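K.L.:
From first to last, the protein sequence lines stand for chains A and B. According to this note's numbering, the residues represented by the first sequence are 1 to 469, in order. According to this note's numbering, the residues represented by the second sequence are 470 to 566, in order.
None of these hints come from the bench; they were simulated from the model. The structure displayed is predicted, hence computed values, not measured ones. Among the hints, a few may not be true.
The calculated EDC-like cross-link candidates involving lysine to aspartate or glutamate, where the alpha carbons are at most 20 Å apart (straight line), are [claimed, not checked]:
1. B:K517 to A:E384
2. A:K346 to B:E496
3. B:K517 to A:E381
4. B:K538 to A:D318
5. A:K346 to B:E534
6. B:K549 to A:E341
7. B:K520 to A:E61
8. B:K549 to A:D318
9. A:K51 to A:E61
10. B:K549 to B:D515
11. A:K250 to A:E457
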Amino acid sequence: MAAWEPISEIAGKVARGQLKAIDLVEKSLAAIAEREEYKAVIATTAERARKRAKAIDSGKEKGRLAGVPFIAKDNFLIFGAETTAASNILKGFTAPYQSTAVERLEAEGAICVAKANLDAFAHGSSTENSDFFTTLNPHDKTRVPGGSSGGSAASVALGLVPFALGSDTGGSIRLPASFTGTVGYKPTYGLVSRSGVVSMASSTDVIGPLTTSVADAELVLDVMAGKDNLDGTTIDRDEQGYLAPAADLKGKKVGVIKEYMGEGLQPGVREQIEAAIAKMKAAGADVQEISLPSLPLALAVYYIICPAEVSSNLSRYDGQRYGFSAGDAKNLDDSYRGTREHGFGKEAKRRIMIGTYVLSSGYYDAYYKKAQTVRTKLINEFAEAFKQVDFLVGPVAPTTAFKIGQNAADPLQMYLGDIMTVAVNLAGVPAISLPCGTSEGLPVGLQIMAPQRADRELLGVSKAIEGVL
Amino acid sequence: MAKLTRDDVLHLAQLARISLSDDEVTEFSEELSAILQYVEQLSGVDVKDLKPTNQVTGLTNVMREDTVKDYGYSPADLLKNVPQTQDSQIKVKRMIG
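Take these sequences, add in the hints, and give me the full structure.
P.N.:
Following this line, the structure appears as structure tokens:
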């Protein structure tokens, strides 16, 4: 696998003229071609990347990410590049503007070389819902890489690029990070602008990096984070930024989430998580068990709120202004129905239908409003927990990467894979997936959570934990 | 207990402006019933004195200046993504008939 130096070193060498951006882009494109069998990537943006690299090599100003190649999940709009969200309905759509996250990365010299595969519209936990193809897990080609940012995670695990961008609505950065042995960072809700990223569930969608180290993740986050006029839900940056020194674990109060360590946890996963916790203890952390009694309800809350927002966000794909359009319609209504029948895959349809049901007259209070109220209960329990401890830890998922096809026939079983990730999105708190060993050759991810806006502290403690694992 | 019939599914599809194949209607009536049954565990949860959360970081009424930004695109460039155009406008099917 192509290995990359830490991002800050790559950018430093480009700035000092010891490395050329064009060589880094070529190295990345070669790796993408060589590893094509894993199907991590939908398309490269090679021409644009080479042009940008040459401009950076000949320019005077070198940014903090000068010449660093990256891969964006294909739900990020890149100026002039095709953006499909891995859906048939957006096939051929050329982005007329650019996502703020990519804009900020490019302003510091980073270069997008390709768009990564995902579950169509980010609906899924395996990339099997991609309308195009399934990405293979770099550790075992018969298994999924996790999802929905599976192409992004596989790209980093395969060494195609030093970092990739993902989006996390219910676990879509952390789960594939866990399944591929990479670092996946889900920031506080609103810390990174969602402008120019295909909307899924707007009240939980966040943008974040997938990398091979915490140091790389915090640098990418530091470049992207902060308010954006184009996204009214963005929040202010931490005044100190996100390049946090490794925290001292001594005396840090760490809560092990009781509800995530119960039955149903694969023995190999439990073993690795318990070993990680023991190492934190040995480094002086004050570890205690902590209970958030409503956590088992989080998945039900999520699978009401998420489809509701999905059904609303996907209503814009009607075949009139952009994207696929059914050709043989008699009238406008016919055109909408035909476009959506043939343009959407099964999972998008499924979520639109559930969302339409829970929002429809007569059911709104019983489902949507009830879910938003149980969400408040969950948020209050997180607040209570964070009065007692500084950080919460547990697994990212109850299992390691599952076999391709294993859950494909049973949507509810597939949804259950998100059981340990969705609560974080509902509460808007930041969380990270850190690689913590393997079980039968497959990576296990440790999840660490912190209070809203404590991203800097979370990164600092993650760096320390990364050091002892 | 929510059990969706084929008619329920067809009604939802009508609301969502999606045509479904016969097989899809059958499939969805089973799958959606199972999913709804799962989420119904919330019905018994005590939420007395709690309000629903719509915005998780507590922001309200965020405003910005409505200014024009030049992306360097011409109207013709923008219309390239449109399935059907006529005289620089988006052409749609008849609404009635």
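K.L.:
Sort out whether A:E381 lies within 20 Å of B:K517, counting only the CA atoms.
P.N.:
Given pair B:K517, A:E381 holds - Cα atoms ~15 Å apart, limit 20 Å.
K.L.:
Has the given pair, B:K538 with A:D318, been kept, meaning a C-alpha gap of at most 20 Å?
P.N.:
Violated - the C-alpha atoms of A:D318 and B:K538 are around 26 Å apart, more than 20 Å.
K.L.:
Sort out whether A:E457 lies within 20 Å of A:K250, counting only the CA atoms.
P.N.:
14 Å, holds
K.L.:
For the pair we were handed, B:K517 and A:E384, check the Cα-Cα distance against 20 Å.
P.N.:
This hinted pair holds, its Cα atoms lying about 18 Å apart.
K.L.:
Are B:K549 and A:E341 close enough, with their CA atoms no more than 20 Å apart?
P.N.:
Answer violated: B:K549 to A:E341 is near 23 Å, above 20 Å.
K.L.:
Do the alpha carbons of B:K520 and A:E61 lie within 20 Å of each other, as the hint requires?
P.N.:
Violated: B:K520 and A:E61 sit about 51 Å apart, past 20 Å.
K.L.:
Are the Cα atoms of A:K51 and A:E61 separated by 20 Å or less?
P.N.:
16 Å, holds
K.L.:
A:K346 and B:E496 were given as a pair; does the straight-line alpha-carbon distance stay at or below 20 Å?
P.N.:
Status holds; Cα separation ~10 Å.
K.L.:
Check whether the Cα positions of A:K346 and B:E534 lie no farther apart than 20 Å.
P.N.:
The hint is violated at about 40 Å.
K.L.:
B:K549 and A:D318 were given as a pair; does the straight-line alpha-carbon distance stay at or below 20 Å?
P.N.:
Holds, because 16 Å separates the two Cα atoms, which is no more than 20 Å.
K.L.:
Is the Cα-Cα distance between B:K549 and B:D515 20 Å or less?
P.N.:
53 Å, violated
Of the numbered hints stated above, those contradicted by the structure are hints 4, 5, 6, 7 and 10, listed in ascending order.
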